[in-house]
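K.L.:
Make the complex out of the two chains shown on their own, each in a separate frame, by following the hints.
Taken in order, these protein sequences are the chains called A and B. With my numbering, letter number 638 in the first sequence gets 638, and the count goes up by one each step, no holes. With my numbering, letter number 374 in the second sequence gets 374, and the count goes up by one each step, no holes.
A few of these clues could be false.
Covered stretches of chain A, going by a simulated chain B footprint (3 or more residues, C-beta under 8 Å) [stated by the list, open to error]:
| id | stretch |
| --- | --- |
| 1 | 219 to 230 |
| 2 | 346 to 352 |
| 3 | 367 to 380 |
| 4 | 385 to 394 |
| 5 | 743 to 756 |
Quick caveat, the hints were computed from the structure, so don't treat them as lab data. Quantities reported herein were computed from a predicted structural model and do not represent experimental measurements. Here a beta-carbon is modelled for each residue, glycine too, at the ideal position from N, C-alpha and C.
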Amino acid sequence: MGSAKANLKRKASNIEANDPATTVKIAQDSDSEDFGDFGDGILNAVLDDEDSEDDSYSFDGEGGDSDDGEETGSEYDIASEDIPTDDEGGENKLALTNGTTDLDKGEGEGEDEDEDEDEDDQSNYRIEKDANGGIRYVYDEIDPVYDSDDSDAQDPTNTIGDIPLSFYDSYPHIGYDINGKKILRPATGDALDSLLDSIELPEGWTGLTDPETGKPLNLSRDELELLRRVQMKEVPQEGYDMYPDTVEWYTSHVEQFPLSAAPEPKRRFVPSKHEAKRVMKLVKAIREGRILPYKPPEEREKEEEQEDEVHYDLWADETPRPPNVMHIPAPKTAPPGYDLSYNPPAEYLPTNSERKAWEGTDPEEREKTYLPQKYDSLRRTPAYDGFVKERFERCLDLYLAPRVRKTRLNIDPTSLLPKLPRPEELRPFPTVASIEFTGHDGRVRSVSIDSSGQWLASGGDDGTVRVWGLSDGKQQWQVKLSSEDPVDVVRWRPGQDGLILSAAVGEDIYLMIPSTMNPELEQASRAILDAGFGYASNAKQQTTATGARKDPPAKWARPGARLENEGVLLKATVRSPIKTIDWHRRGDFFCTVSPTGQRSAVAIHTLSKHLTQIPFRKLPGGAPQTASFHPSRSLFFVATQRTIRCYDLQRQELVKTIQPGCRWISSLDIHPGGDHLIAGSYDRRLLWHDLEMSARPYKTLRFHEQAIRSVKFHPGSYPLFADCSDDGTLQIFHSKVVNDLMEGPTITPVKMLSGHRVVNRIGVTDVTWHPHHPWIVSGGADGTCRLWT
Amino acid sequence: MGRIKKKGEAGNAKNYITRTQAVKKLQISLPDFRKLCIWKGIFPREPRSRKKASKSSTASTTFYYAKDIQFLLHEPLLQKFREQKTLEKKIAKALGRGDLSDASRLERNATRPEKTGKPRYTLDTVIRDRYPTFVDALRDLDDCLSMLFLFANLPSTSTVPAKMIARCERLCLEFQHYLIASQSLRKSFLSIKGIYYQANIQGEDILWLVPYKFNQRVVGDVDFRIMGTFVEFYMTLLGFVNFRLYTSVGLKYPPKFDENKDNEAAELGAFKLEGNHAATTSSEPAQVTASDSAAQPDPETQAEVNKLIRQMKDAAVEGDRTEPTVDTDEPTDAIDKFEPAAPGGDVLPQPTYSSGEPGSLFANCTFYLSRETPRQSLEFIIRAFGCKRIGWDSVLGEGAYTTNEQDPSITHQIVDRPIIQAATEEDGDGEDNQTSQKLSPNQRIPGRIYIQPQWVWDSVNDEELKRPDEYAPGAQLPPHLSPFVQNTQGAYDPTLPLKDQEPEGEALEDSDDEEVDGDEEEDSFAVKKPKAAADGMDVDISDDEEDEADDTFGGFSEGEKSAEGEEDDDEEDDELRNQQELQAELSGKPVKQAKAGARSQKLEAKKKLVLKAKEEAEEIERAKGMLSKKKRKLFEQMQYTNNKKSAEDQKLREKRRKLEKQKARAKA
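Extracted from the complex, chain B is given alone in its bound form (with noise of 0.2 Å):
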């Protein structure tokens, strides 16, 4: 017989510990061991068994790792909360005495970091213990853009301090400046949300969310002092994501940054990026200036004469101003083809760059942004792909590659703004009340090609510059379909036809509809409805055929039961014709003998259908039949979520089928 084994000494009960012991253990207040816990990355646990992690009788809520708090317990961070504490107990007896001159001396050494935006401590080590590496911190990556793209663009309020909010906005920026140099922006999509952006550095992909231009509302109960911890660790980790990312292109960091013209709202166009001399060894001084007009004292004059000078010599110096200037810095982490010098060898896959390059889709262009259209982004997106030319109208702030409308090396130009019908007919003289150079709104440069903004997008996700005039202004624009889904086998997929993705029966069931239809078409739409809803009916059932046999064991029955079902289509089959008949009798047209001929094959097809369905069905009934109880069970589990995607892509299908039909309609 082996020791004993005491109760409350291994397992469970030791591994796991509550909050409020954690809490007491660390001896420190609750909202700093929030603080840790969201900075250390520590989360809480489900015990296998919550009865015996928990000592005590009331249900305690939350439980933490022993271990993870034994890995707190060595946190010099905790010293630091603790000096913070002893300070602000000292302050508070000063202030308890009326000495203010004291306390105020106190009050300098404290960190108000809700003030100044900056703590006294610094959390790089913390975040070289949660990530070892570098790929880990990319990894990582998402929630922390999501989170300080959202604080760039929130109002400051006294939980949110100003100073915390320009340097997200600061820190964003420079990752965008990097996502531009590099070319890694790969992805990009304008949901209900926000826009979605994807890049891939370093072999990750990395996705954020970033909300529109707006006023933020905040709704509910929103705690910023949680949000706050966040994005302090968030803050420090970008900062130093950042620094090496810059690093890793060659880049200084932090990039030069001009003041004047972020409070003039030039945003990515105030920041000047430098080589890193130690980097960069080739002798070209690598000044990559982030945006064209970045040393120009004024953008109005400078645009003029950049005007002037490119209408000398318009192609030359497109040409030279197309050549990237980053690329001295591309070869590095290119991967090198390998061809088999001779024949015999093994051949070894390779990630192939795809020839387009996706980073220089837009290079040969020059974008001209109207003043309705969400700048920040088109810009961020437009540069990310290689063009290095944007102008946009002077509302829209500082850093524009021109201003002036009429600049003629403009080859695209962005509009979000509909047609106004009566404008044509006017000149374009006066009624803009705008500057002089403005255009009235319908007039057209000729040699431009005007566009919507979600051709930019359509472009970018597809890798290609899309048809234009799918995106003319006052165009119904086609839809916009996320680049993150991934197709999996027999999900719905709106790009493909309807035809190639609905199982057989679905689309027997649907040409007999439509025939119905379209015999019905005359009708009264009422007659039609109850018929839809019959079919509608009848696909579930075979639907539930296919999918669903699991869950009666008999299959005798369910055949039966579908072919009850044929014989009753039969019967209304039969109905539908005699009707057709009388019908053709008074209007005093020929039956229609050959659609019959055609309807009686499709029957025989969905009759083969319906038997193939059947055999199916029992052959799963046979094999499940061998399964032991736990599996069946999984396996039925597993039939039921299935069913339900399918229930869903059905839903779709049949939506999309009855607004196909909709439309063919209307255009007869």
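Looking at chain A on its own, in the form it has when it is part of the complex (with noise of 0.2 Å):
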């Protein structure tokens, strides 16, 4: 096919050759033909191709020049080849004319010889006949031989100018070169495709070459067939067949020969045993139930439906669990009382403002979610409303409440207050005033009871000190101590041997025995008295660290001859005023403190001995307020402000710093039994302290509106106490005290004496206890003692 490709092209530059070449025939030969069916002309040219090959070219070729003409052919050949433009048709055309020019150049004698000819007739025209026929004159076309070999010489350019080239549509040329030649249409692409369509192309043409051997390319019938299958998609080799009937290798056919000449195995004859063990698998399946044959789906749904549920017994091995800690239980709902029976009692049934009420609240604000009502007979009882809601809200509760354990207190009321011994219990504890002792003169400081119970002792403001008989409430006896100092406490000795009364006034303090009418008690009180004073001259003297001379904490001496005819015996001096007296268990000691003292605030004192000791360098907890001996064990308490402290006198150490709470201790008082204490404060408040417990009390007890003055125990037998304020009154408590040590001691205040008037702010003073009886004594700020019982 290639090669007939290659054919098709040189004829097609056959043709260009031609063209040209007709052309300048034309041109040179017959300018009066038409050139109306040129294009018929080139076709006829084509079409005797063959033929008239030779003859193009040998038209003027003239004789032995043929070779040449040839020559020339093969050049115009290769020119068409390497300018295959329509527009370097037209240079074609020109090298053509060139070429002829060269030609007759060239071959110029042959030529001169026409020219001579012609020019023998005449020089350089002819004469023609134009259209008309008149004459023409022809000349020669002058040639203007332009001597350069100018390669890049002038395309003919067209000369028509700025006209659109449709106005040369029906005609042949498409307009004029430089020289006013026609220039003509080059050969469109109609035209050439209709050439080769009628062009019959070989079969298997391909228009390739064949690199190996040069020659065109041609498709074999076979290939051709190939390319053929492949397009339509069939199996490209030939008589291949996709199905083929199967070949039945392994057939029911008994062969003849076995194909392998071993014996046949034992396991051949033998029962598989992992057979017979799926098989056994799947039958115990089947026993069991676990494979069920089948059954269509709708029936085996059916059957779903009507199974019962397995039963058994759930709890048959039941262990009870200890319950955990973490798990509320839910509570039951409250079983229904009267109220919510059909037919309840008539005062059950809301009155018509209950029901308004019950019907105006909210839903959520109503105490019961119903209204109690009656119906006259069951018939007439409906269905309840909100039973299904209810049910739905006791779901809710059980799965979205939080639960919360609370201990219902279900006890009553009653049983937390204290179990309170009852009044007649408590009884009996003083209540009235029975007694009234007047005659002193301003403020009673100080009351005493001695204890035998019969003698009151009492001091005050007017620097006396008076006793009276406690049953009569006669004066019995007195003696004026001081006429500026007021008495600021009075004490007797404790004990029966003797009736001996201890004063303190400012710095001193006075031992008196007063006269009572028993000749033998006062000889025996005197003995006692008077035992100390060979010990007093034999003491020795003590000195401060730089020999001088120290002064004794106090100074024993006889009060003087006025004093001790009335029955005074004994004074001593410490070094600062004294406020307390305190006398140990067995009247042999007695301390007293002197709150401005500094360091020797505090002072012991030996009767029997005339001797005076301080037992503290430094007191901690400023100024000392009060002492107090322990009734029973060789304690001593010290009271500062603030604090308690509790000492060993033996071992001299402190046991233990009670802490009352309160700002300002005025009184202390112990227990008979010795593990308890009061104290009483001037912030209002009587602290009750547990020795054996904490430091802390154990009750404070604020009955009182004005400071507490004094605070005693019943030193007998009966469980009471009191205290005194300025507030003018005594209050009276009884206090049960146990030996067990899991219950505290059970406090009942009992009663509240009044009758003291208050003198400038100032109330009770002093309260004293009778030692047998029930019985209070209190002296008050209005100069007057008053028996209770």
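P.N.:
In structure tokens, the structure reads:
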């Protein structure tokens, strides 16, 4: 096919070559020839190409120049090959003309002869007939002979100017060149196509050249067939059967001879153990009901629906589990009460106002979700509206409500109250003022009853100490100890062996024996007081570190004749004013406290030796207020403003510090049992301490409106204690102290005694209990003492 | 110095977990979590400090105990939930693909308990886990029974499948059968909400509520899915409990269920109890018939036959029938009486079975239920108390001992209709358009006791047959009292006469009132009322003094107040006397001197009372002074609630007093 194409091309180039030739011939031979059938002319020329092949070149080749002519033909050929475009076709034409001129020149001699002949006739023109039959002179073309080998010669430019080419549509030419020659329309694609269509291509033509042979590469018939099959999506190989019949290699035909000569193995004859195992498995599964025979789904569904739940004893092996601490069982709903009855007692039915109130409240705020209702027969009882709702709410409660264990105090509130003894059990306690002891001018500062319970001693602002008969209220004895200083404190010496009264006035302590119409007792008392004089003289003088004589803590002396006659037998003078005196239970020691006395504030005096000791070099916690001996043990309590310190006198060490938590302790007293202590304070508190327990008060009683001046336990068998206050009252408490360690003492307020006048905001200054009776004596700022029985 | 404690590593912060956290931890959806919580009995907690427990800034509402959630993590049900979830996903996917066959195949594997009423999983392990012993399960049976009885009476809807209802009904009936067989029903109460029953099973008191047989109205937003979850659990629970109960009395579980009879509304009669052969060793085949007519093919004809037989030998048959068939199982759990063999030993207290044997209260009766009575509840309760022969109108359903109202063996007929006055004159022939054996509304058959339904309940609660005349048809019924109320000291008790329970002060006021009322009866009513009101006020005051004296500290002032009150009273009395004298003069009657004397006595008593109250108040005051502040507050709180209660009681007493007076006046 490739070769066919090559032929075709060559033909085309022939045509091209012929074309200018013809034009040349036309131009040279017959200008008069009509251009109208030019196309036909070309085609004709092409059609009888084969026979006039030589003619086209030989029409003016003349004679022996045929070789040259052929040469030029080949020259043209090459030229046409090089320049395929239309424009260059025009150039070809020029080249052609040049060629011809060259040709003319090259063969100059022969032409010269012709020219000579022409010149013979007329020199450089020819006479031709024009269209009208007139004479027309046609001059030869002037050859300018540009002597140059200018290769880029000017293209034959179309000189029609700026007019559309469409004007020439109906003409075979498209304009004129510089020489006024028509530029012919180049051959168009249509013409080529029609030409190509008319050419029959050989079978298998590819248009390619075989690079090996250099020949056109044509496809063979088989190859074409292959291509067609591929194109048609058929199997490329001819005769291939895609679906051949199966060849039964292994058939039921029993071959005559075995493939292997080995004997049949034993396993062929013995039943398989493995299979048996598997079968047994299936059998077991069927027996157990794990494999069921097939059933259509509908049937199966029906059966499933019908089959009942399997029930068995779930609690066959129940083991009780201890309840989890964190598990809180749901509370049960409350059982119905009377008012839920369909026929309740009439009093449970709501009145109109109650009904209205119930209906008026928001459903969530109602105490009950229902109103009691009465139906006179069961037949009339309707369904309960909120049944489903209530059950639903219960469900919600069960799974949604946080549960908290709450201890419901379903106890009688009165059981919370302490078991108070009944007032009858608390009796006797003082209730009324039976005797009033009047006589003191100004305040009574201190009162005391002697251990026999017969005598009451009192001391007051008037500087006198008076002794009264407790039973009759008469003054028995009186002594004026000082005219300017008040008697701060009077205390009887305990013990029945003598009747000795001690009183403190300023820095002085007076010990006196009131005359009581009992000479033996007086004698005994005198002996007690006088016993110490011998010691006093022997007492070693103490010296300070510098060797200077040191003041003794106290000076013991006789008070002077006047007082001695009155019965005041002994006087001890300490360094600072004394506020309290407390006797040791044996009557040999007593302690005094003088709050302003700095180091020597607390002094312990020995009566039998007329000796005074200062037990504390330094007392922490501020000025001591009061001090007291323990009723049974060798303990000594010192109260400073805020704390009470307990010292062991034998071992001389601090045992305990008690902190009542008050601002200013006024007085303290120790329970006769020895394990409890009460303290009164100026900030209106009465504090009960259990000495065995904490340093903090066991009870703080605040029943007074003013400062508490004095507190006292009953020294005898009555479980009473009393305090007195500036508000003019005494309060009597009952205190049951049991030996049981588990049970604290029970303190019961029993009585509030009022009667003392409040003078200058001072009410009752001191109280003292009768040793054997539940009587109490109080001394007040109004100058009286009262016996309460 | 100890180790520094880091925040949020111990205590509240660790012990509690919010619901969202819990759901995330378990990797299930919220509804599944809810289900799990319901079944496993997990409930939210209230942490001691919410602030410490919540880690987020927003306030979380629900906290769970972290260990509870840890416990849920090991739950096999979780896996089931997840499987179900994946299956649902697969179905959704198949549907999304348009692969219907695949979807339907998967759908077949899915459980749809809302359709079938039966899930793929069983909850027995959960039940065993929650209730390690049977008694634990019994203890928690209250809610279970109430719920199942409610569902047994619900109409079926899309959320409550009919199958579920049917199962609930069956379980409930089975349970009732056990109660009948073991005679363990103790009390019952007709309330406005429904009927309360109390049974004692193995020493546990179980109380449940059964709605009246009406269509239940669903008010408000009720989520039946939640209730359904509960019911699912409860159904399983009651199934196992029933099994255990049945086997414990030697019965086979489940009992035979006759569907035909059930369709004919036989209810209890649809079951046929059978002895458990493994359990009973008695030679007698322990065939316990739930109803006498259980084996009969046609109740009508059988009733006729029965009647004939009974007419021939009535007394003998009765004797046979009254023999309880279950008593072969009885001796197992009864307590033997230990009598001291020789004197000198300690006496150990034993729980006594009442000689009356509550289970056989109705053993000798034959009941007939008229058609207007609630058959289900009556049948159950009468059966539970030993009655074997209960007949009813055929309208009420299948399974009656007799449907013939004129059966001569009937001893009690329960009637709940009013007496129609006009009908008494007419003959009992025509008007009733029911069957021919019906009697006319008021016709009575001699030798039979006619009673209203309440008689049954009151008899059961008092464990004795009540007087029938109080409960006769048309009679004014005595009030129906709750048997569950335990009377506490001082609380109002409607069964006691008013005089026995009112405090002295009130009694005095009351008598005062009475006299005044008596005097003023002739006068206008308007005069009386303010007076009564004033009295009421006085009562209040004195009561306050008695109980609420704790409010203020000063006892004296109150005493004064009360004294003033007394004086006021005195003045009032004087005025009254004057008025009476005037009236007497006007009407020409002698002045009631005797009365005045009595009044002065009363006044004395009243004064004494006031004094006493005052003293008491002082006493309390004194004691309270010794309490610490904390205890005092507690005390006051307790007194507050007590006062509230006593105020309620007082109100009731007052109302009753008024009513009694009205009654007396009406009589006079």
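K.L.:
With reference to the structure, classify each hint as holding or not holding.
P.N.:
Hint check:
For the stretch 219 to 230 of chain A, the proposed coverage by chain B is not satisfied: 0 residues have a C-beta within less than 8 Å of a C-beta in that chain, short of the threshold of three. Counting residues of the stretch 346 to 352 of chain A whose CB lies closer than 8 Å to any CB of chain B gives 4, so the stated coverage by that chain holds, three being the minimum. Counting residues of the stretch 367 to 380 of chain A whose beta-carbon sits less than 8 Å from any beta-carbon of chain B gives 8, enough to reach three: the coverage restraint holds. Counting residues of the stretch 385 to 394 of chain A whose beta carbon lies closer than 8 Å to any beta carbon of chain B gives 9, which reaches the threshold of three, so the coverage claim holds.
Evaluation of the coverage hint for the stretch 743 to 756 of chain A: fulfilled, as 3 residues show C-beta separations to chain B shorter than 8 Å, against a requirement of three.
The structure shown violates just one earlier hint, number 1.
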